[in-house]
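For chain Y, the structure is supplied; the task is to place chain L on it using the hints.
Residue numbers (my numbering), protein chains in the order written: chain Y, -1 to 294; chain L, -1 to 294.
Don't take every hint at face value.
Copies of the same chain look alike in the list, so a pair counts if it fits in one copy or across any two.
In silico DSS-like pairs for lysine-lysine, Cα to Cα no more than 30 Å straight-line [as the list claims (entries may be wrong)]:
{"hint": "1", "residue 1": "Lys101", "residue 2": "Lys166"}
{"hint": "2", "residue 1": "Lys32", "residue 2": "Lys245"}
{"hint": "3", "residue 1": "Lys32", "residue 2": "Lys258"}
{"hint": "4", "residue 1": "Lys260", "residue 2": "Lys101"}
{"hint": "5", "residue 1": "Lys32", "residue 2": "Lys166"}
{"hint": "6", "residue 1": "Lys245", "residue 2": "Lys43"}
{"hint": "7", "residue 1": "Lys243", "residue 2": "Lys258"}
{"hint": "8", "residue 1": "Lys135", "residue 2": "Lys96"}
{"hint": "9", "residue 1": "Lys101", "residue 2": "Lys245"}
{"hint": "10", "residue 1": "Lys258", "residue 2": "Lys96"}
{"hint": "11", "residue 1": "Lys245", "residue 2": "Lys96"}
{"hint": "12", "residue 1": "Lys135", "residue 2": "Lys101"}
{"hint": "13", "residue 1": "Lys135", "residue 2": "Lys243"}
These are computed hints drawn from the structure, not numbers from a lab.
Okay, here's what each chain looks like letter by letter:
Number of protein chains: 2
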Amino acid sequence: MSAAQYLSEGREFIDAAICRYLPEETSYPESIHKSMLYSVLAGGKRLRPVLVIAAAEAVGGDRQHVLPFSVATEFVHTYTLIHDDLPALDNDDLRRGKPTNHKVFGEAIAILTGDALLTQAFYLMTHTGLMDSVPEKCLLRAAHDMTSALGTSGMIGGQVVDIESEGKPIDAETLEYIHAHKTGQLIQACIRGGAILSQATSAQLSALSTYGAHIGLAFQIIDDILDLTADESQLGKDVGSDLDKEKATYPALYGLEDSKKKAEQLVEEGIACLEIFDERADPLREIGRFFVQRTF
Amino acid sequence: MSAAQYLSEGREFIDAAICRYLPEETSYPESIHKSMLYSVLAGGKRLRPVLVIAAAEAVGGDRQHVLPFSVATEFVHTYTLIHDDLPALDNDDLRRGKPTNHKVFGEAIAILTGDALLTQAFYLMTHTGLMDSVPEKCLLRAAHDMTSALGTSGMIGGQVVDIESEGKPIDAETLEYIHAHKTGQLIQACIRGGAILSQATSAQLSALSTYGAHIGLAFQIIDDILDLTADESQLGKDVGSDLDKEKATYPALYGLEDSKKKAEQLVEEGIACLEIFDERADPLREIGRFFVQRTF
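Same shape as in the complex, but just chain Y (with noise of 0.2 Å):
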């Protein structure tokens, strides 16, 4: 099966199912679940999710089993987006194609929404009942894995570093420290997590976090790319915006060509880390390839 197969299908599994584990739209209070729904269903590519179930099913595990963890993972990743969005960070107007979560219902419940989502996040990760399949301490060891990569060692502290380097020179360190904080942290921790719930050994776990650190890192080199070459309906969110808000990007360091190279060869690394996996760990590495050849 092709990457964009895989990645396709899964897609499917997750919308499916994804409704399931949010609170109803009709529930008291209204608003905040209408908002949660309108970033939820604002049409990702849920590429976290299913990374969560290719790494549970690279290690033997069950999509079903791990179904819960892996939607809580696209919670998260909308949180960060809907508060990245507001005016005081990011200030950015479209995301997915669509109006940012305040320019719909405001900013204040843009920021509750934010912290609803990484909390209901939390509920599914620690939801015993719903993954009963899942031994107590897989699911305990998942959920705390995931907030360390979530903290200021990780996502957030790639955030600050992003918003204090704006409209500074900054060295190629520093890049690299923002973007496999900001991104690949998340990323990482999602493969991580799949492998964990589905008792993955400590070798497969391993090898599975090299892959997610490369992998996330290429995967925010290529958004750097996309954000100057891409066309805005493409890509569903403002084009150039790294350039006007003077974001510190690998294309300005290192320009477009050297840029697309490093990611290449960072996925063709993190695919090497495979090698003890047998075939099904194909998707991995269909996705990997998946992630610097995408158009948006």
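Only chain L this time, still in chain Y's reference frame:
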């Protein structure tokens, strides 16, 4: 021991430990860690962590065993204060006698600091290494229970209705919803958390839950009263701000005297639920009474 003494000793116990559970102030990126410390060390009463401890001790548990969870509840509380104080929400300049977080660090860092404290709280709640004397199933249950209390059917639900009720006539049912959810749910979850981690029986947990719901609501009613009657220097935050913002409050609906009576009645009903406990629940009984007598 009087409630004041128990609370003061409990506060010292928490304050002696709290910094161990935060990243170092000097670790990279410094700004977010300084900001987290600033708000966490801005002088809270540590009521929520002390309630975790008091509930643990009421069922024969050990305060050392629940300490990381207990500190986590203070981080949760601090996150809600930072986000509540933002210009898009309550727009408050003063908190615990000091400038609010966004006044010192700016809105972007304030939003991320709230996010980081919530994440750090979940990191602690799922940290088996720090709570290895607590069975894993109790850790999972307490963490999951907390996430229910913090979501849109709990605290965030209360905040949403609070914001949406500003400047509007409000009925008694909506007012109780706001207070029970915005403030009461976290207080109740702290008490439940301490009990769950200490392997409370179902009957004990049920009694403590009802106690927690009662004193949680009483606590917020007294907060409304103090907003009208206390000195700003005594309260450490803007006084009269509920009136300025046309917030829904108990005194506005019932008058000062009837509000005080309602709070006292709630506390007495709450304490009555504790009859199955021996003297180890005395601190909880005393804290309940203290809640309605406090002047700050």
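Under the constraints set out in the numbered hints, which ones does this structure not fulfil? 3, 4, 8, 12 and 13
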